[in-house]
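S.K.: Chains as they are written, first to last, in this note's numbering: chain S, 1 to 337; chain E, 1001 to 1337; chain W, 2001 to 2337; chain V, 3001 to 3337.
Be a bit skeptical, because a hint or two may be false.
[As the list claims (entries may be wrong)] Some chain W residues flagged as far from chain S (calculated, every beta-carbon gap over 10 angstroms):
| hint | residue |
| --- | --- |
| 1 | 2029 |
| 2 | 2036 |
| 3 | 2075 |
| 4 | 2087 |
| 5 | 2157 |
| 6 | 2228 |
| 7 | 2240 |
| 8 | 2278 |
[As the list claims (entries may be wrong)] Computed footprint of chain W on chain E, listed as stretches where at least three residues anywhere in the stretch have a Cβ under 8 angstroms from a Cβ of chain W:
| hint | region |
| --- | --- |
| 9 | 1174-1183 |
| 10 | 1204-1218 |
| 11 | 1238-1246 |
| 12 | 1286-1297 |
None of these hints come from the bench; they were simulated from the model.
Keep in mind that this is a model prediction, so the values were computed, not measured.
Ideal placement from N, C-alpha and C gives every residue a C-beta, glycine not left out.
Protein chains: 4
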Amino acid sequence: MIIVMNQNATKEQIDSVEKKLLDLGFKTHPIVGDVKTIIGAIGDRRLLNTHSISTMPGVESLVPIMKPYKLAGKELKHDPTIVTVGDVRVGDNEVIVMAGPCAIENEEIYVETAKRVKAAGAKILRGGAFKPRTSPYAFQGLEEDGLKIMATAREVTGLKLVTEVVDTRDVDLVASYADIIQIGARNMQNFRLLKEVGMHKKPVLLKRGVSATIEEWLMAAEYIISEGNPDVILCERGIRTFETATRNTIDMSAIPVVKELSHLPIVLDPSHAAGTWKYVDPLAKGAIATGADGLIIEVHSQPDCALCDGQQSLIPSRFEQLMKELEPVALAVGRKL
Amino acid sequence: MIIVMNQNATKEQIDSVEKKLLDLGFKTHPIVGDVKTIIGAIGDRRLLNTHSISTMPGVESLVPIMKPYKLAGKELKHDPTIVTVGDVRVGDNEVIVMAGPCAIENEEIYVETAKRVKAAGAKILRGGAFKPRTSPYAFQGLEEDGLKIMATAREVTGLKLVTEVVDTRDVDLVASYADIIQIGARNMQNFRLLKEVGMHKKPVLLKRGVSATIEEWLMAAEYIISEGNPDVILCERGIRTFETATRNTIDMSAIPVVKELSHLPIVLDPSHAAGTWKYVDPLAKGAIATGADGLIIEVHSQPDCALCDGQQSLIPSRFEQLMKELEPVALAVGRKL
Amino acid sequence: MIIVMNQNATKEQIDSVEKKLLDLGFKTHPIVGDVKTIIGAIGDRRLLNTHSISTMPGVESLVPIMKPYKLAGKELKHDPTIVTVGDVRVGDNEVIVMAGPCAIENEEIYVETAKRVKAAGAKILRGGAFKPRTSPYAFQGLEEDGLKIMATAREVTGLKLVTEVVDTRDVDLVASYADIIQIGARNMQNFRLLKEVGMHKKPVLLKRGVSATIEEWLMAAEYIISEGNPDVILCERGIRTFETATRNTIDMSAIPVVKELSHLPIVLDPSHAAGTWKYVDPLAKGAIATGADGLIIEVHSQPDCALCDGQQSLIPSRFEQLMKELEPVALAVGRKL
Amino acid sequence: MIIVMNQNATKEQIDSVEKKLLDLGFKTHPIVGDVKTIIGAIGDRRLLNTHSISTMPGVESLVPIMKPYKLAGKELKHDPTIVTVGDVRVGDNEVIVMAGPCAIENEEIYVETAKRVKAAGAKILRGGAFKPRTSPYAFQGLEEDGLKIMATAREVTGLKLVTEVVDTRDVDLVASYADIIQIGARNMQNFRLLKEVGMHKKPVLLKRGVSATIEEWLMAAEYIISEGNPDVILCERGIRTFETATRNTIDMSAIPVVKELSHLPIVLDPSHAAGTWKYVDPLAKGAIATGADGLIIEVHSQPDCALCDGQQSLIPSRFEQLMKELEPVALAVGRKL
């Protein structure tokens, strides 16, 4: 941590900041510049969360040197984390595709879609039983009935299940059905929910908040891991920018940035990012070439009847075609699909 | 709702969209342009949430004409909503100031601060017992013990209490202490929490999400009102932009926009927006002159010991000075303080 | 400047960075932390612009401590700059209002509008003879004919003139008519144009780029001042964010931030920021209460015929009303209008 | 164009808007909804740029249906534009790589770098003789001497040259050396400069402004094409968002969006977007898989001595390695390199 004193800070103010840092257990290194003095402080940054150096007289700003996350970062763990879901390994050489409808509407359509995505090569089946919707008048999901339909589809196809939880009160219920628990973008900083899924043993798919920095996203992962659950899969799904041509702006550079800063696997959701099925194909290819460990893609056998997000769903035949075209891209970057 | 057909849409595609709209109960008005055809559809937009016109062949885009909110908007209710909290009326001619520390740390300091803000003219006392913190290692609040301290301060000062709830499981508890329940920025789209506070009779202070559009914010209010609780106070607290000179960018124009679109009162939080106490004074004055119905300001008697956000807290003497300076500004725009 | 070495940097890499800094004339202060080493470097940051420390092996990042601007900042000049335009003083106690149409369309309407804004209390007349327009098919301005019309209006009313230049080749021409030369938001980083106006003696109104940080804006001012022209008036006119309810988001906190970092005066343009005349009134009041040194407001006697931006123009009678209402706000914060 | 009347618009107001539209030569189709009336207007949108319907009493908003660009869009020209630069064809099946240093510093290093990028497979050589720099104290380019060095490198290697122009006064000079004239991000809305390069016959590389929407970017291309120069290559180089882990956020979805809306070729600049050489490799692969027609990559033989942007430059050996790895990615999506 660097403490930057302002231009007019007095000797007394500088001494008093240094003294406080020493009291907190830091080692200090003042550097007197031509205009300003700065103080280098060596010690555990977490101690500073609970004491305010920044409001002391004469202090201009604090510059952190160490990352605020420990367990999600590479400082303590260098090897990539591979999240295993039965025989599926997310973060290993194989690019894993998760697919399925946004919401679960009825068993027949859902199981039918599940069979199609399985046949095309998907390893994990997605589906929403609890839906966070911007409008209170929109379809909110079938809740436990939806989870039961998912379980049926798993039985029929052997696919693993990923589904979202939106309320701390439902975590046990969702965990009892899901193979991977999803935390949606809107709940990325619902810290109580993060803690709750951190106390379960199920892998967590942690979507990036629509305006979360990568650092905040890794801090959200830190919440989960620090409760004892190391199996976090990060999911980039587009961030909010000024551009309106797409629903959100996919942050493709998040893939190499996460690989640089963290050991956790990262998958990409081109469907929610783009908001239209037309752009799913190029973005899916781009994500794999950029180094994503997997994809999560909306597929619906009757998108024009979909109770939510039909516009961004692929029909099964397009998904099959896409899966065929993704394979050479994966091979071109030394991975398999 | 306007349905824009793309340039190459066939007669059959256009007819088929029109037919679907008619089946859904809409009246339709096709307009054939030189290049594109559009279809005007008259009816309840909410019906369209559950049926996907947008994925039908030949459809380019949908343009909504009506606002998605009903209860939070002015279509059905023109008169301003005045939220009464005992004898305090938010949204009336008087500008209401809420003040107090970010988090509650100990009874002595808290009650002392409460007395000071009361003496300076604040009507409502703020304080956090449950804190949403970016880092799992940061102080998370005293929970029920904090609420008890708040209740003591209310007894001593007569101030009303506003405090945040972050978990659906705590709503009953928080509601049993608070006079106003706060929904924080990070939970603005925690729809389950919105529904839960909608089922209580306590007024709600609804902070704008850091990247929420004003429309999404009003939709969040709609969630609360549609559950039966009409007493929503909107709170602008800064949005996330590219600018880093302030913690967030206060969206001052949200005040007149909300006044144009909604009947709900709006207050401003300059402390969280700016992230530093130095800018609280000018922004507080600016907010009142722009038409805010109130302010929520962080005040702490020992900001350099504050367990969170000390940097953005005013010391009581500065707050007293600010309150004196705010009065002429309120009078200048025809209001009292 | 702080050089942060990465976790795995070798002793040789650290030594070699230190040696390079010393060669460049810096004094160095290495601090060896538990995990990382950092090097404090004392010297003129500008030297580093031309040598890349950041690509040396083992370097993680550079953290600047000093501001990159010298002449626009407060380090060398503490007293506020007052820009004098004849007898008008921008940056002094009086709040200065600039008003007039966006573009100049014909002499009669323009002179008529000029008389009305003069009568209402404006001190400076705005008008565009060279218009930067997003569409090549939109009205691009009357060019020199427009400047002549402005000169006529100055003769008739005695108002000073502010008008925009968009091409280095036109600076002499525009300077020969204008009292204040405007650099528009789209040209804030047209560095050649900045240098050119820096070589004239006319005051410059420097609008903030729609996505410029305050630091970049002050660097643009630095370009002008470093060519010898100290008379820069900063103008906040809204930044680009995700919010679409207003044309741009007015960054009201830019006012106190600029006052903190710079000695230059700052005025606010509520018309371009809001994009609609309805919000000009509250934002103008808010700007003055927040501490702006002036306002620039679009006024047009026939906004429904305006060749550009009619929607954001006030009619003269509303402007007169607004001027009356602004006065008590200015008084409330210790200024006059 | 759809004109949305507000809820309280009177019959007279609606009639008067309709009459005005008819006077302007539009055909009108009013649709009377339950709450609001809208008026569909068929005609040339460009006529409306010069007349303000939006300020007429009772008008709430205008909704454009047609795109504002004609020549840059697909309405009039469906086939992809292939920009030919000698024997190099940008926009055809082959992915074209442009490479070289950011700025030209001396002949020896530049020619050496040119030879290396040629050997590795680049077709076009980049280099800046006129540099737009945020700081007036930073290296501003060698100007004509830099262009002469570029010409020498062309002679030696046979590579085509792309270089930036930043001032209308230099367009003739730059055009006399360059094979492709670059318009940088900061000048994307320097409309005078766009017109000037539109009057030359040289192809133009048009970088996207850091906060420009795709629509604004295509409007900038429209400026160039409408002056008679159809040879525009679009270049995505990252947009400004709240994320600070990368210098800018590469908008990878701009590739399919541009392919959907325009016939112009699009290339990607991973170096400026990422701001660090470490992320150039994955983003370059991702761009090709997503469908980019080319790449522009910074390569410098001595990046630690580079006078600007050394941090984002690849050394030649890394560039050679990257070119080898890009080939299978291009093949995987049916293109060659």
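S.K.: Determine for every hint whether it applies to the structure shown.
M.R.: Hints, verified against the model:
no. : hint      : verdict
1   : 2029      : violated (5 angstroms)
2   : 2036      : violated (6 angstroms)
3   : 2075      : violated (7 angstroms)
4   : 2087      : holds (35 angstroms)
5   : 2157      : holds (39 angstroms)
6   : 2228      : holds (24 angstroms)
7   : 2240      : violated (5 angstroms)
8   : 2278      : holds (23 angstroms)
9   : 1174-1183 : violated (count 0)
10  : 1204-1218 : holds (count 4)
11  : 1238-1246 : holds (count 7)
12  : 1286-1297 : holds (count 6)
Taken one by one, the earlier hints fail for this structure at numbers 1, 2, 3, 7, 9, listed in ascending order.
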